[in-house]
Amino acid sequence: MIIQASFWFPVRTGAERRAAGALEAEILAILREADGPLSPGEVRQQLGPRLAPGQQADGQQADGRQAGAQRGELSYSTVVTIVTRLHAKGLLARQRAGRGFTYTAVDDASLAASRMRQALGSEHDHDAVLSRFVSGLSGRDARLLRQLLAGDTGAPDGDPGHAGEQG
Amino acid sequence: MWLLYLPLVIPALAGMAARPLAARLEPRHATWLLTTAAVALAACSLAALALLAAYAAARAPLLAAVGDYSQEVMRRGDPIPAAAGAAAALALTGAAVAVTVMFRTRARALAESYRRAAGLQAEDGIVVVPGPAIEAYALPGGPGRIVVSGRLLDCLDGRRRAALIAHEQAHLASRHHLFTTVARLAAARSVDYTVERWADEHAAAVTSDRRLVAETIGQVALLAPPRPRRTAGMVLGITGAITPRVSLAWAGPVPRRVAALLTAPPRRQTILLAACAVIVLMAGVAALLAARDLHALLELAQGSR
Numbered sequence: 008m009i010i011q012a013s014f015w016f017p018v019r020t021g022a023e024r025r026a027a028g029a030l031e032a033e034i035l036a037i038l039r040e041a042d043g044p045l046s047p048g049e050v051r052q053q054l055g056p057r058l059a060p061g062q063q064a065d066g067q068q069a070d071g072r073q074a075g076a077q078r079g080e081l082s083y084s085t086v087v088t089i090v091t092r093l094h095a096k097g098l099l100a101r102q103r104a105g106r107g108f109t110y111t112a113v114d115d116a117s118l119a120a121s122r123m124r125q126a127l128g129s130e131h132d133h134d135a136v137l138s139r140f141v142s143g144l145s146g147r148d149a150r151l152l153r154q155l156l157a158g159d160t161g162a163p164d165g166d167p168g169h170a171g172e173q174g
Numbered sequence: 263m264w265l266l267y268l269p270l271v272i273p274a275l276a277g278m279a280a281r282p283l284a285a286r287l288e289p290r291h292a293t294w295l296l297t298t299a300a301v302a303l304a305a306c307s308l309a310a311l312a313l314l315a316a317y318a319a320a321r322a323p324l325l326a327a328v329g330d331y332s333q334e335v336m337r338r339g340d341p342i343p344a345a346a347g348a349a350a351a352l353a354l355t356g357a358a359v360a361v362t363v364m365f366r367t368r369a370r371a372l373a374e375s376y377r378r379a380a381g382l383q384a385e386d387g388i389v390v391v392p393g394p395a396i397e398a399y400a401l402p403g404g405p406g407r408i409v410v411s412g413r414l415l416d417c418l419d420g421r422r423r424a425a426l427i428a429h430e431q432a433h434l435a436s437r438h439h440l441f442t443t444v445a446r447l448a449a450a451r452s453v454d455y456t457v458e459r460w461a462d463e464h465a466a467a468v469t470s471d472r473r474l475v476a477e478t479i480g481q482v483a484l485l486a487p488p489r490p491r492r493t494a495g496m497v498l499g500i501t502g503a504i505t506p507r508v509s510l511a512w513a514g515p516v517p518r519r520v521a522a523l524l525t526a527p528p529r530r531q532t533i534l535l536a537a538c539a540v541i542v543l544m545a546g547v548a549a550l551l552a553a554r555d556l557h558a559l560l561e562l563a564q565g566s567r
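Residue numbers (my numbering), protein chains in the order written: chain S, 8 to 174; chain C, 263 to 567.
These aren't lab readings, by the way, just hints derived from the structure by calculation. All of these numbers come straight from a predicted model, not from anything done at the bench. Among the hints, a few may not be true.
[Stated by the list, open to error] When the alpha-carbon atoms are kept at most 25 Å apart in a straight line, the in silico SDA-like pairs for lysine to any residue are as follows:
| hint | chain 1 | residue 1 | chain 2 | residue 2 |
| --- | --- | --- | --- | --- |
| 1 | S | 96 | S | 146 |
| 2 | S | 96 | C | 529 |
| 3 | S | 96 | C | 374 |
| 4 | S | 96 | C | 308 |
| 5 | S | 96 | S | 33 |
| 6 | S | 96 | C | 377 |
| 7 | S | 96 | S | 32 |
| 8 | S | 96 | S | 84 |
| 9 | S | 96 | S | 158 |
| 10 | S | 96 | C | 562 |
| 11 | S | 96 | C | 431 |
| 12 | S | 96 | C | 566 |
| 13 | S | 96 | C | 528 |
| 14 | S | 96 | C | 447 |
| 15 | S | 96 | S | 48 |
| 16 | S | 96 | S | 83 |
| 17 | S | 96 | C | 449 |
| 18 | S | 96 | S | 157 |
| 19 | S | 96 | C | 388 |
| 20 | S | 96 | C | 530 |
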């Protein structure tokens with residue numbers, strides 16, 4: 008998918024890029040309204056009737072990869088490219104399903120939270136404001152922790168080399 | 263004139279005592295004690311620095327003319343070397359700048375946190391974020407939010423999730439960010455640890471299973487990516503690998519928290535608390551007496567004008 012995207016996007020014209028923006032919004036809307044995860048093929052099926060006549064030539068029901076390929080636009084790979092991009096932007100979550108992926112829209116709260124994490128993560132002092140459940144462990148602390156949890160008495164005990172093999 | 267130096271010496275000693283105190287005291291008491299002691303000692307040492315600087319400044323002829331006191335008496339009665347006064351003035355300026363900068367950064371971070379918490383739609387105050395990160399934190403706000411990554415929740419069973427949420431809820435409910443902010447402004451870092459312990463003990467009380475909380479902390483800590491260490495850490499890592507038993511004495515916060523949970527719950531230590539309060543009071547009294555001395559000297563100098 009990544010190869011496709013880097014191969015495909017640089018050669019697009021401005022008009023095509025605008026169309027792709029509209030398509031992204033359309034695909035996002037479909038996935039937000041969907042009851043469950045959708046595969047790119049299912050997204051494409053739902054996309055057909057939704058597109059306005061001006062945007063898509065005939066507005067006919069598009070069914071499967073073949074029809075799209077015949078029309079010469081909005082092929083299966085285009086949909087895949089766009090959902091991949093949306094996923095990279097953090098707008099879609101994906102799950103592996105067989106050989107490909109199915110996609111779900113990330114809800115607004117989670118989206119805001121993940122954006123916030125990115126924003127907060129960049130500044131040093133935010134670490135102090137957010138009370139993290141655990142801070143990162145050094146290698147020595149990790150070994151010590153395994154010893155503590157392995158021992159029943161709570162005293163650091165046991166063979167650290169062996170304990171280090173677990174987990 | 264040792265009175266003037268006492269408020270400077272006590273905070274230095276208190277800094278060394280903070281970690282053993284944080285380990286020994288009941289976390290809620292430890293947090294309150296360390297925060298109030300840090301603020302009180304910071305105030306005392308700032309006052310002592312100001313007095314030292316005032317002694318030095320009082321020798322200036324210009325001030326003597328304005329304040330209408332005898333420079334001669336001042337100089338004879340002044341026990342402070344000029345260099346000490348100048349150093350104190352420098353330290354005072356440095357402290358003022360550092361506190362201002364720290365306060366602004368922290369206030370901005372807190373304001374940002376409140377703003378973002380308000381913008382988060384959350385069920386029961388909990389926000390689950392997608393993505394590969396293993397993380398959980400409390401976001402201070404009105405009301406605050408608990409942010410947990412979905413991947414972390416997937417790794418934990420129901421009881422451990424409850425322990426984690428109880429821990430983060432304690433942070434928000436008891437407004438731990440205010441303690442850490444105030445303590446940090448007074449240059450005390452050990453409160454960062456005691457509020458974690460406080461939240462751990464809260465989680466242990468809610469789940470009534472200390473070991474469960476300990477195991478949850480351990481599990482999450484081992485799932486999270488390791489912290490990149492400085493070269494000093496590498497050296498310590500090597501010595502840790504050679505010695506068969508690793509000591510808790512120099513360990514990071516996570517192993518110490520787990521070890522504390524694996525032992526009996528901490529008890530109230532009234533005598534220790536009282537002793538700490540007395541030492542902090544001593545610093546305060548010393549600063550007050552030193553201020554009175556300066557005042558008396560100035561009155562003497564004014565009288566013999």
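Evaluated hints:
Restraint check for residue 96(S) and residue 146(S): the C-alpha separation of about 33 Å exceeds 25 Å, so the hint is violated. For a cut-off of 25 Å, the pair hint linking residue 96(S) to residue 529(C) is broken: about 51 Å separates their Cα positions. With a CA separation close to 23 Å, the supplied pair residue 96(S) and residue 374(C) stays within the 25 Å bound. With a C-alpha separation of about 50 Å, the suggested pair residue 96(S) and residue 308(C) falls outside the 25 Å cut-off, and the hint is violated.
Annotation: proposed proximity of residue 96(S) to residue 33(S) holds, straight-line Cα distance about 16 Å (limit 25 Å). At roughly 23 Å between alpha-carbon atoms, residue 96(S) and residue 377(C) fall within 25 Å of each other, so this suggested pair holds. For the given pair, residue 96(S) sits about 13 Å from residue 32(S) by alpha-carbon distance, which is consistent with the 25 Å threshold. The straight-line distance between the Cα atoms of residue 96(S) and residue 84(S) is roughly 18 Å, inside the 25 Å bound, and the hint therefore holds.
Simply put, residue 96(S) and residue 158(S) have alpha-carbon atoms about 45 Å apart, too far for the 25 Å limit, and the pair is violated. With a C-alpha separation of about 74 Å, the suggested pairing of residue 96(S) with residue 562(C) is violated against the 25 Å cut-off. About 31 Å separates the Cα atoms of residue 96(S) and residue 431(C), which puts this hinted pair outside 25 Å; it is violated. For the hint linking residue 96(S) to residue 566(C), the alpha-carbon distance of about 79 Å lies beyond 25 Å, and the restraint is violated.
Of the supplied pair hints, the one linking residue 96(S) and residue 528(C) is violated, its CA atoms being roughly 47 Å apart against a limit of 25 Å. A C-alpha spacing of about 38 Å is found between residue 96(S) and residue 447(C), which places the hinted pair above 25 Å, so the restraint is violated. Restraint check for residue 96(S) and residue 48(S): satisfied, since their Cα atoms lie roughly 20 Å apart, inside the 25 Å limit. Using a Cα cut-off of 25 Å, the hinted pair residue 96(S) and residue 83(S) holds, with the two alpha carbons roughly 20 Å apart.
A distance of roughly 40 Å separates the Cα atoms of residue 96(S) and residue 449(C); the hinted pair therefore is violated under the 25 Å criterion. This hinted pair does not check out: residue 96(S) and residue 157(S) have alpha carbons roughly 42 Å apart, beyond 25 Å. With a C-alpha separation of about 23 Å, the suggested pairing of residue 96(S) with residue 388(C) holds against the 25 Å cut-off. With a CA separation close to 52 Å, the supplied pair residue 96(S) and residue 530(C) exceeds the 25 Å bound.
Violated hints for the displayed structure, listed by number in ascending order: 1, 2, 4, 9, 10, 11, 12, 13, 14, 17, 18, 20.
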